[in-house]
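Residue numbers (our numbering), protein chains in the order written: chain A, 1 to 387; chain B, 388 to 774; chain C, 775 to 898.
Keep in mind that the hints were calculated from the coordinates and are not lab data.
Built from N, CA and C at the ideal position, the CB exists for glycine as well.
Possibly wrong hints are sitting among the right ones.
[Claimed, not checked] Listing some non-contacts, in silico: residues in chain A with all C-beta distances to chain B over 10 angstroms:
1) Gly59
2) Lys216
3) Glu261
4) Val299
5) Leu313
6) Pro372
7) Asp385
[What the hints assert, rightly or not] Simulated coverage check for chain C against chain B, where a stretch passes if three residues somewhere in it have a Cβ under 8 angstroms from a Cβ of chain B:
8) 780-789
9) 843-850
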Amino acid sequence: MRRVYFDHSATTPVDPAVAEEMYRFMTETYGNPTSLHYFGRQARKAVEEAREKVAAAIGADPKEIIFTSGGTESDNMAIHGVATINRNRGNHIITSAVEHHAVLNTVKALGKQGFTVTILPVDKYGMVSVEDVAAAITDKTVLITIMHANNEMGTIQPIAEIGKLAREKGVLFHTDAVQSFGKIPVNVDALNVDLLSISGHKFYAPKGIGVLYVRKGARWRQTLFHGGAQERLRRAGTENTPGIVALGKAAELAAANREEEAARLSVLRDRLIEGIDSRIGDVLLTGHPEKRLPNLVSVCFKYIEGESMLLSLDMQGIAASSGSACTSGSLEPSHVLLAMGIPHEMAHGSIRLSLGKDNTEADVDYFLEVMPPIVERLRAMSPLDQE
Amino acid sequence: MRRVYFDHSATTPVDPAVAEEMYRFMTETYGNPTSLHYFGRQARKAVEEAREKVAAAIGADPKEIIFTSGGTESDNMAIHGVATINRNRGNHIITSAVEHHAVLNTVKALGKQGFTVTILPVDKYGMVSVEDVAAAITDKTVLITIMHANNEMGTIQPIAEIGKLAREKGVLFHTDAVQSFGKIPVNVDALNVDLLSISGHKFYAPKGIGVLYVRKGARWRQTLFHGGAQERLRRAGTENTPGIVALGKAAELAAANREEEAARLSVLRDRLIEGIDSRIGDVLLTGHPEKRLPNLVSVCFKYIEGESMLLSLDMQGIAASSGSACTSGSLEPSHVLLAMGIPHEMAHGSIRLSLGKDNTEADVDYFLEVMPPIVERLRAMSPLDQE
Amino acid sequence: MYSEKVMDHFTNPRNVGEIPDADGVGQVGNPTCGDIMKIYLKIKDDRIEDIKFKTFGCGAAIATSSMVTEMARGKTLDEALQLSNKMVAEALDGLPPQKMHCSNLAADALHAAIEDYRGKQKSA
Ligand SMILES: Cc1ncc(COP(=O)(O)O)c(C=O)c1O
Ligand SMILES: Cc1ncc(COP(=O)(O)O)c(C=O)c1O
Ligand code: FES
Ligand code: FES
Chain A
1 MRRVYFDHSA
11 TTPVDPAVAE
21 EMYRFMTETY
31 GNPTSLHYFG
41 RQARKAVEEA
51 REKVAAAIGA
61 DPKEIIFTSG
71 GTESDNMAIH
81 GVATINRNRG
91 NHIITSAVEH
101 HAVLNTVKAL
111 GKQGFTVTIL
121 PVDKYGMVSV
131 EDVAAAITDK
141 TVLITIMHAN
151 NEMGTIQPIA
161 EIGKLAREKG
171 VLFHTDAVQS
181 FGKIPVNVDA
191 LNVDLLSISG
201 HKFYAPKGIG
211 VLYVRKGARW
221 RQTLFHGGAQ
231 ERLRRAGTEN
241 TPGIVALGKA
251 AELAAANREE
261 EAARLSVLRD
271 RLIEGIDSRI
281 GDVLLTGHPE
291 KRLPNLVSVC
301 FKYIEGESML
311 LSLDMQGIAA
321 SSGSACTSGS
331 LEPSHVLLAM
341 GIPHEMAHGS
351 IRLSLGKDNT
361 EADVDYFLEV
371 MPPIVERLRA
381 MSPLDQE
Chain B
388 MRRVYFDHSA
398 TTPVDPAVAE
408 EMYRFMTETY
418 GNPTSLHYFG
428 RQARKAVEEA
438 REKVAAAIGA
448 DPKEIIFTSG
458 GTESDNMAIH
468 GVATINRNRG
478 NHIITSAVEH
488 HAVLNTVKAL
498 GKQGFTVTIL
508 PVDKYGMVSV
518 EDVAAAITDK
528 TVLITIMHAN
538 NEMGTIQPIA
548 EIGKLAREKG
558 VLFHTDAVQS
568 FGKIPVNVDA
578 LNVDLLSISG
588 HKFYAPKGIG
598 VLYVRKGARW
608 RQTLFHGGAQ
618 ERLRRAGTEN
628 TPGIVALGKA
638 AELAAANREE
648 EAARLSVLRD
658 RLIEGIDSRI
668 GDVLLTGHPE
678 KRLPNLVSVC
688 FKYIEGESML
698 LSLDMQGIAA
708 SSGSACTSGS
718 LEPSHVLLAM
728 GIPHEMAHGS
738 IRLSLGKDNT
748 EADVDYFLEV
758 MPPIVERLRA
768 MSPLDQE
Chain C
775 MYSEKVMDHF
785 TNPRNVGEIP
795 DADGVGQVGN
805 PTCGDIMKIY
815 LKIKDDRIED
825 IKFKTFGCGA
835 AIATSSMVTE
845 MARGKTLDEA
855 LQLSNKMVAE
865 ALDGLPPQKM
875 HCSNLAADAL
885 HAAIEDYRGK
895 QKSA
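Just chain A, same shape as in the assembly:
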């Protein structure tokens, strides 16, 4: 069967060149980077080279890069570390209603431990307003955490402006760049961020490896893991050398190819959007019309439900998702779409198509051929009043 993978925001295949590096570091250069001997030194060298590559890709210093087990750990580690260490300075945290659960649930957990949490609303495009952030800051605010680009509808937040504001107010600022890295420019100085999270498997590196950037001098401390002295005391546990090397290589490739690939993908994205709009109708494109990721289309099909579309697409070999893969299995529709004011029943009818490096125009056209009859069939079954 023809297979089209349109779920790159959930996860990506590992680039074969990256996977080969990984293989080599599992079977040949397998030493523990903490070890003194030849095997250890080879591993250490590779880890530090990877750190330099990641640092270069986001405009940071290698010392500011900490390797973690993924985006969730980076988010937890960033937020918990800042909150715990600055508790004596204040107990207020600001975030947004459209964050990934790795941020939202971490902040909410702190809310149960004596922190006051402000969850900022978003407009109909899923945008946080800089004025709202400014108004929310109090002298008790110790952390602002707002994501760079959203994983469900692709809206890009005004991070540089929020960062500027946070810096003026002396408040630490974290951004979850898990979906933006490799797709739009991510530079820690241009974005004015103090902490930033990345996850390998979203940009053709493997699962189980991520990065937390922490600006030199930022009032943050490792508070999640206790154990060995790895990562200069900032992340206990044997370093995942193959994963780190793979992430380093993938970050280098992502940075090198970003511009060209983003241009190519946004053409495909727009072809998808226009095709859906013209061939299907009664759809709502969600997310910001311009300030959006180049590879993501999020759309609500009125009168029908997401899962049934996904299953139908899957039967035609097309892999897509409805909202975040993480939240499937939950009955509630996406908190992100609801926060944008999209009514429940429409939110239930959302699907996300996220493109990646192996997708072609033919994939898009295949989708545009397959999708209209699916929608038609499901709408014919729907009891909802159709305009």
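Dock chains B and C with the ligands against chain A, hints included.
Positioned in the frame of chain A, the structure of chains B and C with the ligands alone reads:
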């Protein structure tokens, strides 16, 4: 140069068959197991099969297996989860002086948060006494955490007896089986444990993947990571499918080969011990003479220091370690050896040789040929009074 | 982790040994922290005519001991007292940060030996 890797307790090479599985799950079956579509379902199937393999290898139910990022995370998650959830029942934790830092530092951190911590001593062989455990339990005790086999000197603790006691007293019992799994029998029922930690890279699976076993019904909850609903709400973050599949396969191989391989390695181990004793002299074998791992030799060479031995061995192509790889860089000698009553200067002269599947008798003989002149040279340089 | 110079001095340490009738002996460090350095001096006309060392310690400890003996040999005592731990480390093309501790011993041991000699001169 001839290369001999005698540092399998620090980390192991990935079995090529395991690495190939991993490669396949990075490049072909790369879906996110949470996803509904074909790619996701393939990944889900593989994850659940791996879970079954791990469960079978330790005599558990697949539902009791949680995949983590490694031994450190498993230890932290086990201990923090039990402590936090049972806080209302009591605030006392019992551990031993020879634990890995992933356990010891986690318990000590809880000690700063209002828990009372009993750190049990060990005898000269590094053994915890069951009577000491019994005497330490109070009606405030909520957790006992004692490792199965020690990573520095290989002593195997009386886990089954401690577990029996803990069960009688209604106290939860965790063991760190990172070094024992694959080397000696590890069965959660035979050991009477409620929680158990494993780390992939110690048994020919990759780095960055581990397991936490939690007995059904045990009063434990995930308290470290907030985020998505993965691992039945017990570990947020995209599942590391390739790592999980690799760990599953490696666990299966480890269980199948364990007995034969342990017999083979203990012959090599004893040949090493006898050779060192007869050819060098003024040495102290550390750890229990019988209740010890089949693959580990830990020995103190009087009058000289560990790192200079390691460097000299490394120049001859032999990779060994002194104490735990994690603690190198610290001036203090190993807390494990000190806890056994070994004097500081002798503890500084310890090295660990840990054998693995590719080691042969020829490797042992090469070491026994190379080591005596190294010791002789360093002893000739030593200012310490020699008997 | 170690520079080539460190490895060279570790592998082929210069001036290892004792001087049986030394004019000055200095010892620093303690077995608890894993290093002891002992330096023996033979002095002629206020100059270091011969110098030897014995060291219990890591690669850096052995290399710094060796290096300091080379640097001190032939120097007047006042010149030798000018040698600092930092100069020894620099002469070895640097040491890893976690090893600066050991390099803080070599020059100290030399100075201790010189003081020992001067103390003996005074009391003699
Ligand atoms: C925006 C965002 N943040 C965090 C995460 C969590 O990353 P991971 O699943 O690698 O832990 C994801 C993806 O799942 C994401 O899309
Ligand atoms: C006994 C023991 N526990 C825990 C760990 C930590 O495991 P990891 O480094 O995989 O996090 C190790 C190894 O480093 C170990 O030997
Ligand atoms: S439509 Fe089946 S979960 Fe609600
Ligand atoms: S001997 Fe103490 S660290 Fe070098």
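Unmet hints by their number, sorted upward, for this structure: The structure conflicts with hints 5, 9, although it agrees with all the remaining ones.
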